[in-house]
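So the sequence shown is numbered by numbering that gives the first Met the number 0: it starts at 0 and just counts up by one.
Hint data in this document are derived by calculation from the structure and do not stem from the laboratory. These figures come from a predicted structure and were not determined experimentally. A hint or two may mislead.
Quick list of the computed label-pair ranges, beta carbon to beta carbon [said to hold, decoys possible]: (1) A183 with P37: 19 to 29 Å; (2) E115 with R156: 17 to 27 Å; (3) P129 with E192: 15 to 25 Å; (4) S244 with R128: 42 to 52 Å; (5) L81 with A247: 22 to 32 Å; (6) G130 with A247: 41 to 51 Å; (7) L81 with A238: 30 to 40 Å; (8) R243 with G89: 37 to 47 Å; (9) T223 with G62: 47 to 57 Å; (10) A40 with E192: 19 to 29 Å; (11) L26 with G130: 18 to 28 Å.
Think of the CB as a built atom: it goes at the ideal place given N, C-alpha and C, for glycine as much as any other residue.
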Amino acid sequence: MTVHHAAGVGYQRAAEVYESSRPSYPLAALAALADALPLEAGRTVVDLGAGTGKFTRLLALTGAEVLAVEPVKEMRERLAELLPAVAVNGGTAEATGLPDGCADAVVAAQSWHWFEEPAALAEVERLLRPGGALALVWNTFDTAEPWMRDFQDIYFRLAPRDLPRPPLSSGPGDPNAGWRAPFAARPGWGRIEERHWPNPHSTTVADIVDRMMSSSHIAVLDGTAQARVRAELEAVLGAHDATRSSGAIEMPYVTDVYWVRHG
Numbered sequence: 000m001t002v003h004h005a006a007g008v009g010y011q012r013a014a015e016v017y018e019s020s021r022p023s024y025p026l027a028a029l030a031a032l033a034d035a036l037p038l039e040a041g042r043t044v045v046d047l048g049a050g051t052g053k054f055t056r057l058l059a060l061t062g063a064e065v066l067a068v069e070p071v072k073e074m075r076e077r078l079a080e081l082l083p084a085v086a087v088n089g090g091t092a093e094a095t096g097l098p099d100g101c102a103d104a105v106v107a108a109q110s111w112h113w114f115e116e117p118a119a120l121a122e123v124e125r126l127l128r129p130g131g132a133l134a135l136v137w138n139t140f141d142t143a144e145p146w147m148r149d150f151q152d153i154y155f156r157l158a159p160r161d162l163p164r165p166p167l168s169s170g171p172g173d174p175n176a177g178w179r180a181p182f183a184a185r186p187g188w189g190r191i192e193e194r195h196w197p198n199p200h201s202t203t204v205a206d207i208v209d210r211m212m213s214s215s216h217i218a219v220l221d222g223t224a225q226a227r228v229r230a231e232l233e234a235v236l237g238a239h240d241a242t243r244s245s246g247a248i249e250m251p252y253v254t255d256v257y258w259v260r261h262g
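Turn these sequences into a full structure, and let the hints guide you.
Structure follows, in structure tokens:
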């Protein structure tokens with residue numbers, strides 16, 4: 000399986016900024032998953048599309064053995080630097096290179112939308128021991144804030160048509176979340192459970208700009224195009240009272256967590 004050009008090149012260029020500008024996840028979300036999957040000492044969890052390890056480091060707190068999979072070399076190297084005790088390999092979600100039945104749980108945080116879902120599900124089924132579970136986690140923009148709506152408008156307007164997109168958080172049971180359909184079409188998968196938490200991220204205007212510029216489809220642009228994006232975003236942020244501050248700013252996210260058992 001190949002990696003989408005925007006991810007393969009964009010994240011290659013922006014691995015360092017990705018790590019510094021992205022939010023983490025609520026500990027309440029980790030605790031809920033640890034109870035539901037469960038995750039604890041003596042169990043093994045595979046982290047698909049682990050990136051720089053934003054969620055990997057939380058999984059490690061559960062005491063479970065964590066096997067990270069990340070295809071982009073620069074992201075993988077950053078993860079290995081930050082989490083030297085975690086095993087990481089260069090596979091993809093569709094072809095991890097891990098042995099059959101090696102996992103009690105598989106997690107994909109901020110990554111499932113990048114995968115070829117039927118092939119990724121087949122690989123997850125191969126990895127899971129009987130009764131194992133898959134968890135999907137996303138930090139999504141909370142567009143109740145007007146400036147976040149403008150931020151999201153820029154983000155999605157500039158995305159190419161073939162760019163995989165994370166689901167937009169619209170509350171529990173979102174019928175428009177297309178990623179759900181393949182689970183119903185494959186035997187052995189149970190009911191999808193879900194929970195949602197507010198996840199405000201304390202940041203600065205400079206980091207908000209970095210958040211946009213490190214997005215895969217922006218990072219892959221040439222310097223002139225990136226300068227136009229930066230100028231447009233800075234103008235938008237300057238137009239809102241909430242983002243004129245030179246100090247700390249709260250960037251609102253929602254953390255959406257889904258889990259489903261197999262077998």
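Hint check results:
1. A183 with P37: 19 to 29 Å: holds, 25 Å
2. E115 with R156: 17 to 27 Å: Roughly 26 Å apart at Cβ, these two residues keep to the hinted range, so it holds.
3. P129 with E192: 15 to 25 Å: Hint holds: Cβ distance 19 Å, inside 15 to 25 Å.
4. S244 with R128: 42 to 52 Å: With a Cβ separation near 50 Å, S244 and R128 satisfy 42 to 52 Å, so the hint holds.
5. L81 with A247: 22 to 32 Å: Holds, since L81 and A247 (Cβ atoms, about 24 Å apart) stay within the stated range.
6. G130 with A247: 41 to 51 Å: holds, 44 Å
7. L81 with A238: 30 to 40 Å: holds, 36 Å
8. R243 with G89: 37 to 47 Å: holds, 43 Å
9. T223 with G62: 47 to 57 Å: holds, 49 Å
10. A40 with E192: 19 to 29 Å: Between A40 and E192, where Cβ atoms are some 23 Å apart, the hint holds.
11. L26 with G130: 18 to 28 Å: The hint (18 to 28 Å, Cβ to Cβ) holds, given that L26 and G130 are roughly 26 Å apart.
Figure legend: structure checked against the earlier numbered hints; every hint is met.
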